[in-house]
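If you want the building blocks of each chain, they are given just below.
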Amino acid sequence: MSSTEQRLEATEADLLERARQGDKEAFYNLVCPCERAVYIAAVTILNNSADAEEVAQEAVLKAFANLASFRGEAKFSTWLIQITINESRLKLRKDRRHLYESVDEQRAGDEGEYAPKDFADWREVPSEALQRRELREALKQAIARLPSMYREVLILRDVQQRSIQETAQILGLTEGSVKTRLLRARLQMRDALAPGIDGTWATGKAEYKKVRPF
Amino acid sequence: MKVIEISCIEVWREISNYIDGDIDAELRARMEAHFRVCAHCKAVIDGTRNVVKLVADGVEYALPDGFSQRLYDKLKDR
Numbered sequence: 001m002s003s004t005e006q007r008l009e010a011t012e013a014d015l016l017e018r019a020r021q022g023d024k025e026a027f028y029n030l031v032c033p034c035e036r037a038v039y040i041a042a043v044t045i046l047n048n049s050a051d052a053e054e055v056a057q058e059a060v061l062k063a064f065a066n067l068a069s070f071r072g073e074a075k076f077s078t079w080l081i082q083i084t085i086n087e088s089r090l091k092l093r094k095d096r097r098h099l100y101e102s103v104d105e106q107r108a109g110d111e112g113e114y115a116p117k118d119f120a121d122w123r124e125v126p127s128e129a130l131q132r133r134e135l136r137e138a139l140k141q142a143i144a145r146l147p148s149m150y151r152e153v154l155i156l157r158d159v160q161q162r163s164i165q166e167t168a169q170i171l172g173l174t175e176g177s178v179k180t181r182l183l184r185a186r187l188q189m190r191d192a193l194a195p196g197i198d199g200t201w202a203t204g205k206a207e208y209k210k211v212r213p214f
Numbered sequence: 001m002k003v004i005e006i007s008c009i010e011v012w013r014e015i016s017n018y019i020d021g022d023i024d025a026e027l028r029a030r031m032e033a034h035f036r037v038c039a040h041c042k043a044v045i046d047g048t049r050n051v052v053k054l055v056a057d058g059v060e061y062a063l064p065d066g067f068s069q070r071l072y073d074k075l076k077d078r
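Note that the protein sequences, when read in sequence, are chains A and B. Following my numbering from start to finish, the first sequence increments by one per residue and tops out at 214. Following my numbering from start to finish, the second sequence increments by one per residue and tops out at 78.
Hints in this document: simulated from the structure, not taken from any laboratory. It cannot be assumed that every hint is accurate.
Said to hold, decoys possible - Computed list of chain B residues with no C-beta within reach of chain A, every gap over 10 angstroms:
{"no.": "1", "residue": "I4"}
{"no.": "2", "residue": "I19"}
{"no.": "3", "residue": "A43"}
{"no.": "4", "residue": "E60"}
{"no.": "5", "residue": "L71"}
{"no.": "6", "residue": "K74"}
{"no.": "7", "residue": "L75"}
Claimed, not checked - Think about it this way: if two alpha-carbon atoms lie no more than 25 angstroms apart in a straight line, the pair counts; the simulated DSS-like pairs of lysine-lysine are:
{"no.": "8", "chain 1": "A", "residue 1": "K24", "chain 2": "A", "residue 2": "K75"}
{"no.": "9", "chain 1": "A", "residue 1": "K140", "chain 2": "B", "residue 2": "K53"}
{"no.": "10", "chain 1": "A", "residue 1": "K24", "chain 2": "A", "residue 2": "K62"}
{"no.": "11", "chain 1": "A", "residue 1": "K24", "chain 2": "B", "residue 2": "K76"}
{"no.": "12", "chain 1": "B", "residue 1": "K42", "chain 2": "B", "residue 2": "K53"}
{"no.": "13", "chain 1": "A", "residue 1": "K91", "chain 2": "A", "residue 2": "K117"}
{"no.": "14", "chain 1": "B", "residue 1": "K74", "chain 2": "A", "residue 2": "K94"}
{"no.": "15", "chain 1": "A", "residue 1": "K75", "chain 2": "B", "residue 2": "K42"}
{"no.": "16", "chain 1": "B", "residue 1": "K76", "chain 2": "A", "residue 2": "K75"}
{"no.": "17", "chain 1": "B", "residue 1": "K76", "chain 2": "A", "residue 2": "K91"}
{"no.": "18", "chain 1": "B", "residue 1": "K53", "chain 2": "A", "residue 2": "K62"}
{"no.": "19", "chain 1": "A", "residue 1": "K75", "chain 2": "A", "residue 2": "K94"}
{"no.": "20", "chain 1": "A", "residue 1": "K62", "chain 2": "B", "residue 2": "K76"}
{"no.": "21", "chain 1": "A", "residue 1": "K94", "chain 2": "A", "residue 2": "K117"}
{"no.": "22", "chain 1": "A", "residue 1": "K75", "chain 2": "A", "residue 2": "K62"}
{"no.": "23", "chain 1": "B", "residue 1": "K76", "chain 2": "A", "residue 2": "K117"}
{"no.": "24", "chain 1": "B", "residue 1": "K42", "chain 2": "A", "residue 2": "K91"}
{"no.": "25", "chain 1": "A", "residue 1": "K140", "chain 2": "A", "residue 2": "K91"}
{"no.": "26", "chain 1": "A", "residue 1": "K24", "chain 2": "B", "residue 2": "K74"}
{"no.": "27", "chain 1": "A", "residue 1": "K117", "chain 2": "B", "residue 2": "K74"}
Unchecked claim - Pair ranges (Cβ atoms, derived):
{"no.": "28", "chain 1": "B", "residue 1": "D73", "chain 2": "A", "residue 2": "R89", "range": "23 to 31 angstroms"}
{"no.": "29", "chain 1": "B", "residue 1": "D57", "chain 2": "A", "residue 2": "A68", "range": "22 to 30 angstroms"}
{"no.": "30", "chain 1": "B", "residue 1": "Q69", "chain 2": "A", "residue 2": "S163", "range": "28 to 36 angstroms"}
Just so you know, even glycine gets a beta-carbon here, dropped at the ideal spot from N, CA and C.
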């Protein structure tokens with residue numbers, strides 16, 4: 001049997017048991033399936049690939065050192081991403097470049113209504129649109145510009161397709177708060193993208209025709 | 001069935017839950033009746049649904065080359 005097959009056979013519980021006894025190989029096998037999710041959590045908070053990799057490594061080492069405190073109430077991946085998000089936020093706070101963002105965020109609370117900024121009509125997304133690099137870039141930029149409290153929820157829920165319940169668990173929020181933030185995040189994404197889809201990145205195609213009702 | 005009218009502000013509040021299918025049948029019927037008569041809210045729901053779909057299908061964050069190996073090495077060296 002190859003080592004890959006052996007890895008597949010080992011259950012998460014087995015790996016955890018071995019990792020708790022200090023088996024780094026077992027721990028690495030636990031981390032492997034969620035390494036991408038860990039990296040995404042870090043890079044979308046930090047907006048910098050080198051910082052994100054460093055924080056992802058720190059988070060994994062921290063998880064290994066604190067494995068005794070993981071009691072299995074959550075999935076291992078949920079727990080690891082919680083640690084990654086906390087480490088990423090700590091790194092942000094240490095980083096003075098983000099002073100202004102944190103000031104802005106204190107003002108952006110959950111209270112009050114968010115009204116859409118315009119009513120550009122945007123009915124169809126042609127499948128080929130997604131193959132366009134500019135659209136992918138515009139999506140990532142719009143995500144990067146969201147206030148972090150909204151960005152974190154959008155990444156976990158809409159990019160990584162986690163449930164409301166798991167998103168709440170990872171972020172330490174109520175499900176109600178997750179839903180409120182998700183609404184804001186999605187509406188702000190639409191505001192950021194709807195005017196652009198037929199404007200700055202126009203293809204000249206009829207699908208992108210914008211109708212302003214007023 | 002008589003559908004009770006709903007305001008634009010109430011519709012916006014529920015748009016995300018509507019997309020996730022996380023609302024009851026009565027509210028869904030009220031929102032759908034509203035979308036039939038309100039071009040603004042129809043544009044908002046269509047656009048927001050597009051965003052959710054685009055984000056799900058079109059946003060990828062590539063792992064830096066060698067990420068896994070460096071992570072493994074870091075763990076081993078500790």
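To see whether the hints hold, each was checked on the structure:
1. The claim that B:I4 lies off the interface holds: its Cβ sits roughly 20 angstroms from the closest Cβ of chain A, which is beyond the 10 angstroms cut-off.
2. A cut-off of 10 angstroms between C-beta atoms contradicts the statement that B:I19 is not in contact with chain A; the least separation is 7 angstroms.
3. Interface exclusion of B:A43 from chain A breaks down, the closest Cβ pair being 5 angstroms apart, not more than 10 angstroms.
4. For B:E60, the shortest C-beta to C-beta distance to chain A comes to about 8 angstroms, within the 10 angstroms cut-off, and the non-interface label is violated.
5. With a minimum CB-CB distance of about 6 angstroms to chain A, B:L71 fails to clear the 10 angstroms threshold, and the non-interface call is violated.
6. The beta carbon of B:K74 sits about 5 angstroms from the closest Cβ of chain A, which is not more than 10 angstroms, so the claim that it is off the interface is violated.
7. Interface exclusion of B:L75 from chain A breaks down, the closest Cβ pair being 5 angstroms apart, not more than 10 angstroms.
8. With a C-alpha separation of about 19 angstroms, the suggested pair A:K24 and A:K75 falls inside the 25 angstroms cut-off, and the hint holds.
9. Proximity of A:K140 to B:K53 is assessed by CA-CA distance (about 14 angstroms); at most 25 angstroms being required, the pair is judged to hold.
10. Taking the CA atoms of A:K24 and A:K62, the gap is near 13 angstroms; set against the 25 angstroms cutoff, the hint holds.
11. Simply put, A:K24 and B:K76 have alpha-carbon atoms about 7 angstroms apart, close enough for the 25 angstroms limit, and the pair holds.
12. Taken as a hint, the B:K42 and B:K53 pair is honoured in the structure, with Cα atoms around 17 angstroms apart against an allowance of 25 angstroms.
13. Between A:K91 and A:K117 the CA atoms are separated by roughly 33 angstroms; this puts the pair beyond 25 angstroms, and the hint is violated.
14. For the given pair, B:K74 sits about 23 angstroms from A:K94 by alpha-carbon distance, which is consistent with the 25 angstroms threshold.
15. Of the pairs offered as hints, the one joining A:K75 and B:K42 is violated, with about 39 angstroms between alpha carbons and a cut-off of 25 angstroms exceeded.
16. Note on B:K76 and A:K75: the hinted pairing holds, with a Cα-Cα distance of about 24 angstroms set against a maximum of 25 angstroms.
17. For the proposed pair B:K76 and A:K91, the alpha carbon gap of about 24 angstroms is at most 25 angstroms, so the pair holds.
18. For a cut-off of 25 angstroms, the pair hint linking B:K53 to A:K62 is broken: about 35 angstroms separates their Cα positions.
19. A hinted pair counts as satisfied when its Cα atoms are at most 25 angstroms apart, and A:K75 with A:K94 does not qualify at roughly 29 angstroms.
20. Between the alpha carbons of A:K62 and B:K76 the distance comes to roughly 14 angstroms, so the proposed pair stays at or under 25 angstroms and holds.
21. Restraint check for A:K94 and A:K117: the C-alpha separation of about 34 angstroms exceeds 25 angstroms, so the hint is violated.
22. With a C-alpha separation of about 17 angstroms, the suggested pairing of A:K75 with A:K62 holds against the 25 angstroms cut-off.
23. Only pairs whose Cα atoms come within 25 angstroms are accepted, and B:K76 paired with A:K117 is rejected, the gap being roughly 51 angstroms.
24. The suggested pairing of B:K42 with A:K91 is violated, with an alpha-carbon distance near 41 angstroms, which exceeds 25 angstroms.
25. This hinted pair checks out: A:K140 and A:K91 have alpha carbons roughly 21 angstroms apart, not beyond 25 angstroms.
26. Among the hinted pairs, A:K24 with B:K74 is consistent with the structure: their alpha-carbon atoms are about 11 angstroms apart, no more than 25 angstroms.
27. Restraint check: the Cα-Cα separation between A:K117 and B:K74 comes to about 47 angstroms, which exceeds 25 angstroms; the hinted pair is violated.
28. Here the CB-CB span from B:D73 to A:R89 is close to 26 angstroms, well matched to the stated 23 to 31 angstroms.
29. One distance hint, 22 to 30 angstroms for the beta-carbon pair B:D57 and A:A68, is violated here, with the actual separation near 40 angstroms.
30. Range check, B:Q69 to A:S163: about 32 angstroms between beta-carbon atoms, so the 28 to 36 angstroms window is met.
The structure is inconsistent with the numbered hints 2, 3, 4, 5, 6, 7, 13, 15, 18, 19, 21, 23, 24, 27 and 29, although it conforms to all the rest.
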